[in-house]
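Engineer: Based on these hints, arrange chain R on the given structure of chain Z.
Given next are the chains, with one letter for each unit.
Number of protein chains: 2
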Amino acid sequence: MAKKNNAQFVQEIADINENFPQWYTDVVLKTELVDYGPVKGSMVIRPYGYAIWENIQKELDKRFKETGHKNAYFPMLIPYSFLTREKEHIEGFAPEVALVTHYGEEELPEKLVVRPTSETIICEMYKKWVKSYRDLPVLINQWANVFRCEKTTRPFLRTSEFLWQEGHTLHRTHEEAEEETFKMLNVYAEFMKNVLATPVLTGKKTEKEKFAGANATYGMEAMMLDGKSLQAGTSHDLGCNFAKGFEIKYLDKDGELKFPYQTSWGVSTRLIGALIMAHGDQRGLALPPRVAPIQAIVIPIASHKEGVIEKAEELYKELMSAGIRAEKDFSDNTPGWKFNEWEMKGVPLRIEQGPRDIENGVVQIVRRDTFEKIEVQRDGLAQTVARLLDEVHENMYNKAKAFMDSHIVTCNSLEEMQKALDDKCFVKTMWCGCPECESKIKELYSATARVMPFDQTPVGNKCVCCGKECNEGELKVIYFARAY
Amino acid sequence: MAKKNNAQFVQEIADINENFPQWYTDVVLKTELVDYGPVKGSMVIRPYGYAIWENIQKELDKRFKETGHKNAYFPMLIPYSFLTREKEHIEGFAPEVALVTHYGEEELPEKLVVRPTSETIICEMYKKWVKSYRDLPVLINQWANVFRCEKTTRPFLRTSEFLWQEGHTLHRTHEEAEEETFKMLNVYAEFMKNVLATPVLTGKKTEKEKFAGANATYGMEAMMLDGKSLQAGTSHDLGCNFAKGFEIKYLDKDGELKFPYQTSWGVSTRLIGALIMAHGDQRGLALPPRVAPIQAIVIPIASHKEGVIEKAEELYKELMSAGIRAEKDFSDNTPGWKFNEWEMKGVPLRIEQGPRDIENGVVQIVRRDTFEKIEVQRDGLAQTVARLLDEVHENMYNKAKAFMDSHIVTCNSLEEMQKALDDKCFVKTMWCGCPECESKIKELYSATARVMPFDQTPVGNKCVCCGKECNEGELKVIYFARAY
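Residue numbers (my numbering), protein chains in the order written: chain Z, 1 to 484; chain R, 1 to 484.
Same shape as in the complex, but just chain Z (with noise of 0.2 Å):
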């Protein structure tokens, strides 16, 4: 096999900073993240980019057990009649969603869909489950599969099958499930900022932005390096919506029949494009330490030498007891290649020990997200590695929200947000809340509405579409960016 150069390694993938889009495309298909399925918008996961979402579910779901949810598993095929009990749903969904019409030969009496999300289907259940207050609160969660047909799409950030988790809860009183649905959005903003290393910016979208069904949507949404914004976990407001839709009632304290309200909320692995744009660099990925499938990687120096390989699998050997999720590499590339190859795929920490270190009792970290050469004492190394990862950790985390922090413009005049839209940056902003200006500023820009933050403080006191001074309270503070 051909050895190959810093340079032919770079070369192989696109610049990022001319053509961003392909540098992802580049970096997701040779780190072996993922391939293309034979059926159009399908992707195949693999196991290192799968690794990546065991992590992630791994994380999430230790916190949605903490918060009271359990797990629970609803058929993948709904009738399709479900889908119509919520007008606003079936608007949404029936042009994205695959129909399954046949077993073998045999054709079906009602079509199916393939679930695009599962409200309906886990309504019809609870209608079954819920007779009482006492049944409530219900804290649902799903791990699976869903299927939106989607023209356009690219490996993690928007696929027909993706994988995901889906909150399903349901409550007593309207302030109870708002308290979840926030409940659940600081959740996943708490899991971005501690696991993914990526700071959001959480509030609630538009009517025109919000899911097919829901009273209130509130978002989350992340800045990608190129200063598009990618939404990466919703939280809803559901209302009774879905429960009058599927009757779902209980007898209430009073002796009255009521419906309950409902959220739903859910994150995919979507997350796994988020983290790619929002921490990789020229020679590939930047993986953060929490989630990366290998976040130190072995390599001996002149492993020709005697004792190197014995020496560097002990520290390997070392790491893993310790817990640390370590890789040796062993094979006869050389040093500089292997250094590319794991600098490519993001590890976050690279353990070097050649014959002089093995002498002086140290061993070379060289760190992924800062490209610094530490030596560090072999005694005590694990500790020293922990150490080095919530470091990398804390530094990529602060990297990125100073990014964020610096690509956000306030402007106060369409003129001013064309430009840093340009710019690569988000606009802060003030609208008037009708959908007009929404529309027209996406037709203008393609730049849509991101966030209303739940901190409101005006940054101006007119829509910076139409001007209009509204009455206080009518007039909101917006983010708008273009958007993945």
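Just so you know, these hints were derived from the structure itself, not from any lab. Treat the hints with caution; some may be incorrect.
A pair counts as met if it fits within one copy or between any two copies, since identical chains are not told apart.
[What the hints assert, rightly or not] Below, a list of computed lysine to any residue pairs in the SDA-like style, where the Cα atoms sit at most 20 Å apart:
{"hint": "1", "residue 1": "58", "residue 2": "142"}
{"hint": "2", "residue 1": "338", "residue 2": "22"}
{"hint": "3", "residue 1": "30", "residue 2": "339"}
{"hint": "4", "residue 1": "204", "residue 2": "378"}
{"hint": "5", "residue 1": "424", "residue 2": "323"}
{"hint": "6", "residue 1": "58", "residue 2": "71"}
{"hint": "7", "residue 1": "131", "residue 2": "440"}
{"hint": "8", "residue 1": "70", "residue 2": "323"}
{"hint": "9", "residue 1": "193", "residue 2": "107"}
{"hint": "10", "residue 1": "440", "residue 2": "320"}
{"hint": "11", "residue 1": "58", "residue 2": "143"}
{"hint": "12", "residue 1": "111", "residue 2": "94"}
{"hint": "13", "residue 1": "62", "residue 2": "250"}
{"hint": "14", "residue 1": "440", "residue 2": "307"}
Structural biologist: For chain R alone, kept in the frame of chain Z given last:
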């Protein structure tokens, strides 16, 4: 809410000896493991059932990773034409597949099938990934949902959609592939023993019973309490059948292009059905401790007395922090009601503490497997509970093993066979190997060939059905049984 006594609890579950199928249905529904879905043949796995599946997944996934496998995810929708590339495969699965013909209003140029299993789509990807002998072996597993239309369905045992794992591996030589096939069968059998406390018979399947597309299928069979067999998992030696159909070729060391040898192996949510029918009794479920969602239920006695609840809470927290899956029942139901309910739900240990126990520094523990009540010291409770959970596991396994051993009858005639089957036993016998005898036995007694054990020490000298005395090696030791 009306309180129920023991008799009422028991009345609600059909007699396990008189109507085993109804007993099973009553138990899985009343303990809220599962519910029927709205589409015929579908099931909803409720939180208590899904928690068992999560524990099964955790234990199996650990074993798969320890044996060098990595997880990945392949698309759920497969082009119909893929299925036709392996002749037996399409014949086996064509009548059972769900067909997707439209996305929304738009008819698809080629119909897609919801995966009934993933050999074909995985081979399509392996063709892209495997070029050289250096790329072998490929050791990949997938956790996924699959769909096979079934006419007669029962929760967990046979449903159209079910959850499973499917391992798919490629190897250079047939020896290596065969070794993998046996290795994973052994992983399964070890898991059955050490996690589900359930003994199995392993061996080779007959041609009739093998997987559609395999050269050979090896399986494990578990004996249910009604003397019927349940196929609990299979491991297939696929030869080069799919590799040829999908033109997977690799350049070997000798410079020649060759087909790799392939295996696949899987277990499913069926295992939940297996453990219920291997261990349950008239009072309901009896869950093996290592998969029980709740391993110990803490019930305060005379909880209106001062300090009783607080002490129970302390107990509960201590168990939880020792890594025991504990739960507490502080509801206002009577202790008797609670005892019955948690017995029905199969919790391995019940931990009671009343005012006198508190005074004496003891707690009362009742085992679900023996109903034995044991007084133990309050000090060191977590260790005692951990030890008792192991003892419950051992006892459950030994009991199931003794039951199985005493329900296998060696037969040398059809008369003996009929009697054994009617006595709810497995039949161990000799078979000439011809499909006609196999079919005749099925027709006569509704019993099917389960496995030909690896230990082929003869138990007779002629075929139990046709009476032929075959040449050495042709006559097979085989198990027949009625089966799920």
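Engineer: Against this structure, judge whether each hint is valid.
Structural biologist: Hints versus structure:
no.	hint	in the structure
1	58 x 142	both (14 Å within a copy, 17 Å between copies)
2	338 x 22	neither (24 Å within a copy, 62 Å between copies)
3	30 x 339	within (15 Å within a copy, 58 Å between copies)
4	204 x 378	neither (51 Å within a copy, 52 Å between copies)
5	424 x 323	neither (40 Å within a copy, 49 Å between copies)
6	58 x 71	both (13 Å within a copy, 14 Å between copies)
7	131 x 440	neither (47 Å within a copy, 52 Å between copies)
8	70 x 323	between (27 Å within a copy, 18 Å between copies)
9	193 x 107	neither (49 Å within a copy, 43 Å between copies)
10	440 x 320	neither (55 Å within a copy, 57 Å between copies)
11	58 x 143	both (11 Å within a copy, 15 Å between copies)
12	111 x 94	both (13 Å within a copy, 19 Å between copies)
13	62 x 250	neither (30 Å within a copy, 42 Å between copies)
14	440 x 307	neither (69 Å within a copy, 67 Å between copies)
In the structure shown, a violation is registered for the earlier hints numbered 2, 4, 5, 7, 9, 10, 13 and 14, in ascending order.
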